[in-house]
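Engineer: Sequence:
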Amino acid sequence: MKDLKKFNIPFVGLKQGDHVFEYDIDNTFFEAFNFDEFHSSNIHINLHFVKKSTLLELSFQAKGSVNVDCDVSLESFDQEIEGTFSLIIKFGPEYNDDNDEILIIPHEEYQINVAQFIYELIVLSIPSKKVHPKVLDGTMNSEALERLKELQIDEDSPSEKEEKIDPRWDKLKGLIRE
Numbered sequence: 001m002k003d004l005k006k007f008n009i010p011f012v013g014l015k016q017g018d019h020v021f022e023y024d025i026d027n028t029f030f031e032a033f034n035f036d037e038f039h040s041s042n043i044h045i046n047l048h049f050v051k052k053s054t055l056l057e058l059s060f061q062a063k064g065s066v067n068v069d070c071d072v073s074l075e076s077f078d079q080e081i082e083g084t085f086s087l088i089i090k091f092g093p094e095y096n097d098d099n100d101e102i103l104i105i106p107h108e109e110y111q112i113n114v115a116q117f118i119y120e121l122i123v124l125s126i127p128s129k130k131v132h133p134k135v136l137d138g139t140m141n142s143e144a145l146e147r148l149k150e151l152q153i154d155e156d157s158p159s160e161k162e163e164k165i166d167p168r169w170d171k172l173k174g175l176i177r178e
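According to the numbering used here, the residues represented by the sequence shown are 1 to 178, in order.
Heads up, some of the hints might be wrong.
Said to hold, decoys possible - Think about it this way: if two alpha-carbon atoms lie no more than 30 Å apart in a straight line, the pair counts; the simulated DSSO-like pairs of lysine-lysine are:
no. : residue 1 : residue 2
1   : K129      : K149
2   : K6        : K90
3   : K51       : K15
4   : K63       : K90
5   : K63       : K6
6   : K5        : K90
7   : K129      : K52
To be clear, the hints were calculated from the coordinates, so they are not data collected in a lab.
Modelling step: build the complete structure from the supplied sequences, incorporating the hints.
Structural biologist: Written out as C-alpha cells, the structure reads:
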C-alpha cells in the first residue's frame, strides 16, 4: 500500500476551516486494491475537507470515465461515472467504522488515508449492468447481438400452444361472448 501514501491527509497540521484536495485516478490506483475490471480509467476526485475542533467533515466528488466490457455485447466502451460521498470523522477511544457515514478514529491519530473511501466511491458509482450506448440506441453491430437476434422469440406469430387449443374450450368462449 506504499503507492497510496499520497492519499494520506495529516489533519493535525491543518488549520481549522475548509481545505480542498484533488486526486487524478488511473489504473495504478486500482492495482493497489487488486481490482482489474477496468481496462483503463480517468477519474478526477475533488475532496472538500472541513476541519472543526471536535470532528472532520469530508465530502468526496468523483467524475470521469472507466473503460469496461459491455454485459450484453462484450465490447469495451467508456462508462461515464459521477458520484458523491460524505463522511464525518469523530474522535474516540478506539477505531470504529460500524456506521457508513460516521468514522470514529482514536484520539492519538494524526492522519487519515482516504484511498479506501475513494475506491469504494468509484466502484459503487459503476452501474450493476453495464450496457454499451450503441446497444441502447440499436446501432451496435457485433456477433453476440446477431446471435441474440436469431434466438429471439417472435412474439407476433402465434405459438404452437395457441394453435393446439382443445375444442371444448371454444364452446366456453362462446358463452362469454353472449
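Engineer: When the hints from earlier in the document are held up against this structure, which numbers fail?
Structural biologist: Result: hint 7 breaks, nothing else.
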